[in-house]
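Peer 1: What follows is each chain in one-letter form.
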Amino acid sequence: MGSVHLLYFAWLREQLGRSEERLDLPPEVDRVDRLLRWLRQRDPALDSLAGSGRAIRVAVNQRFARDGDPVRAGDEVALFPPVTGG
Amino acid sequence: MGSVHLLYFAWLREQLGRSEERLDLPPEVDRVDRLLRWLRQRDPALDSLAGSGRAIRVAVNQRFARDGDPVRAGDEVALFPPVTGG
Amino acid sequence: MIRVSVQAEPFDAAAEIAALSGVGAAVGGLGCFIGLVRADDRPGEPPLAALVLEHYPGMSESMLREVAEQACARFPLLGCTVIHRFGRLPLGEPIVLVLAASRHRQAALDATGFLIDWLKTGAPFWKREERTDGSSRWVEARPADDHAAARWKD
Amino acid sequence: MIRVSVQAEPFDAAAEIAALSGVGAAVGGLGCFIGLVRADDRPGEPPLAALVLEHYPGMSESMLREVAEQACARFPLLGCTVIHRFGRLPLGEPIVLVLAASRHRQAALDATGFLIDWLKTGAPFWKREERTDGSSRWVEARPADDHAAARWKD
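Protein chains in written order, with the working numbering: chain A, 1 to 86; chain P, 1 to 86; chain G, 1 to 154; chain R, 1 to 154.
Some hints here could point you the wrong way.
Selected chain A positions facing chain G (in silico; Cβ < 10 angstroms) [claimed, not checked]:
no., residue
1, F9
2, R13
3, G17
4, R63
5, T84
6, G85
To spell it out: a stretch of chain G is covered by chain A in this simulated footprint if at least three of its residues, at any positions, have a beta carbon under 8 angstroms from a beta carbon of chain A; those stretches are [unchecked claim]:
no., region
7, 42-56
8, 124-133
FRET-style restraints, in silico, Cβ to Cβ [what the hints assert, rightly or not]:
no., chain 1, residue 1, chain 2, residue 2, range
9, G, D12, P, D30, 53 to 61 angstroms
10, P, P27, R, I2, 54 to 62 angstroms
11, G, G22, P, R40, 46 to 54 angstroms
12, R, R151, P, E76, 26 to 34 angstroms
13, A, G68, G, S136, 52 to 60 angstroms
14, R, A73, A, Q41, 22 to 30 angstroms
15, R, I2, P, G74, 24 to 32 angstroms
16, R, E66, A, G51, 55 to 63 angstroms
17, A, G2, R, W152, 54 to 62 angstroms
18, R, E66, A, G68, 51 to 59 angstroms
19, G, Q7, A, G2, 29 to 37 angstroms
20, G, R74, R, E66, 50 to 58 angstroms
21, A, Q15, R, R65, 47 to 55 angstroms
It should be emphasised that the hints constitute simulated quantities derived from the structure, not laboratory data. The structure presented is a predicted model; accordingly, all values stated were derived computationally and were not measured. Quick reminder that beta carbons are idealized off the backbone N, C-alpha and C, glycines included.
Please build the complete structure, drawing on both the sequences and the hints.
Peer 2: Structural data, given as structure tokens:
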């Protein structure tokens, strides 16, 4: 058992009211999609944001990640809207 | 009867040994192609340059011109190689 | 030579151009793009005052570097430079600088377009519009940007 | 705003960029190309020392202006700048500067490519290569440049 370091950016950060947190992961939460489902179950604010239809992107250890990509203890996982730089 | 102002650039200028001249045009020399033919007849150096297979471009009054374009007394006519700027 | 920077302070375009022009005697063409905060007055809305740019420290630098490396792999470049600013940038301020140097103009210009297109979809930056009445809104991602980046897919 | 110049002296890229960026608050993107004298060492030939650029005074300015006007007609530009140097330009010296400003990046970059492609085929400039042994040769026009300009034909 170990923790992940979660980061939030842009309107996700603003609406959650926090920019980061550390959470201990249950062993079955081992992929990006399972992490998102688990986060929504434990956090109604995140659940309503994720359910609002606005796209959310995920990065694991500072690389863009997809649903099936693995998440492990010690990882840095960031949630944010589609990027709008440039 | 009037004269044209002829200008030469780049290797044409160098090989002719002059950058400009004024020539009185016979009345029948009234187009670009006729002017070139007339110039070659009167100037062996220009004739051999034009016959060397290297392309020559023409501008009349500072606009690119083609064989059939008119040439009139008072015009500025420039002969030069294809451009290589930029 | 690859140079990337994520910074709050303005960049010195002339110094960057001079540095990249000087990477080697073989540089024959240098392409450049500068993105600026532009007025986008919409009827019924107060004028734009500034963009506030947030980024993901660490990932933003590494993604700029990755995009630059991709450009160097795809085009015959002698070097490229990517600088992206963050923080509050008032109207008219430069946001991003992209430079690409090559022997020939086409590679330099193509790489410049590639870099800016990918930067818009692959680098973790987010823009918030600040209007003159103090109101503020996050910019939504434009599908057009995804399409522009997709043009470069093999 | 269109600005063209044919000049012997160096141009100040930073000042030109700043001037064009400042033509209006609507400028969101600025594309730029700088062409430089590059080393083109060929086996068995002495290294290049300089390019000597000749032009057709009067026509060179008016053709730069015409190319700039065509760019403004073809792309939604807020302004563009074309500066072409002449005279003896040693290795590494800038030869040409092209700038195009628009609301959006794509028009700015496309116009930059259009301007430099047309400049190479439509502006009366001629380059002579000067080698380090003092020998000298006029550069032949490259058919590739005609093709690049032809891409823009309707």
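Peer 1: Could you check the hint for me, namely that G2/A and W152/R are 54 to 62 angstroms apart, CB to CB?
Peer 2: At 59 angstroms between Cβs, range holds.
Peer 1: Report holds or violated for chain A covering the region 124-133 of chain G, Cβ cut-off 8 angstroms, minimum 3 residues.
Peer 2: That given contact holds, which follows from 5 residues of the region 124-133 of chain G lying within Cβ reach (below 8 angstroms) of chain A.
Peer 1: Could you tell me whether the CB distance from P27/P to I2/R stays inside 54 to 62 angstroms?
Peer 2: 41 angstroms, violated
Peer 1: Assuming the hint says 52 to 60 angstroms, is it satisfied by the Cβ distance from G68/A to S136/G or not?
Peer 2: For G68/A and S136/G the Cβ distance comes to about 36 angstroms; the hint is violated.
Peer 1: Take the region 42-56 of chain G, compare each residue's beta carbon with every beta carbon of chain A, and decide whether three or more fall closer than 8 angstroms.
Peer 2: With 4 residues in contact (Cβ-Cβ under 8 angstroms with chain A), the coverage given for the region 42-56 of chain G holds.
Peer 1: Quick check: does the Cβ-Cβ distance between E66/R and G51/A fall within 55 to 63 angstroms?
Peer 2: 58 angstroms, holds
Peer 1: Take the C-beta atom of R151/R and the C-beta atom of E76/P, compute their distance, and say whether it sits inside 26 to 34 angstroms.
Peer 2: Between R151/R and E76/P, where Cβ atoms are some 32 angstroms apart, the hint holds.
Peer 1: Lying within 29 to 37 angstroms: is that true of the beta-carbon distance Q7/G to G2/A?
Peer 2: 34 angstroms, holds
Peer 1: I want to verify a distance hint. Is the separation of the beta carbons of G22/G and R40/P within 46 to 54 angstroms?
Peer 2: This hint holds: roughly 48 angstroms between Cβ atoms.
Peer 1: Any CB of chain G closer than 10 angstroms to the CB of G85/A?
Peer 2: 3 angstroms, holds
Peer 1: Range first: 22 to 30 angstroms. Now tell me if the beta carbons of A73/R and Q41/A are that far apart.
Peer 2: Given range 22 to 30 angstroms: violated, Cβ gap about 59 angstroms.
Peer 1: Could one say that the CB atoms of E66/R and G68/A fall in the range 51 to 59 angstroms?
Peer 2: Distance hint for E66/R, G68/A holds at roughly 57 angstroms.
Of the numbered hints given earlier, the model fails hints 3, 10, 13, 14 and 20; all others are met.
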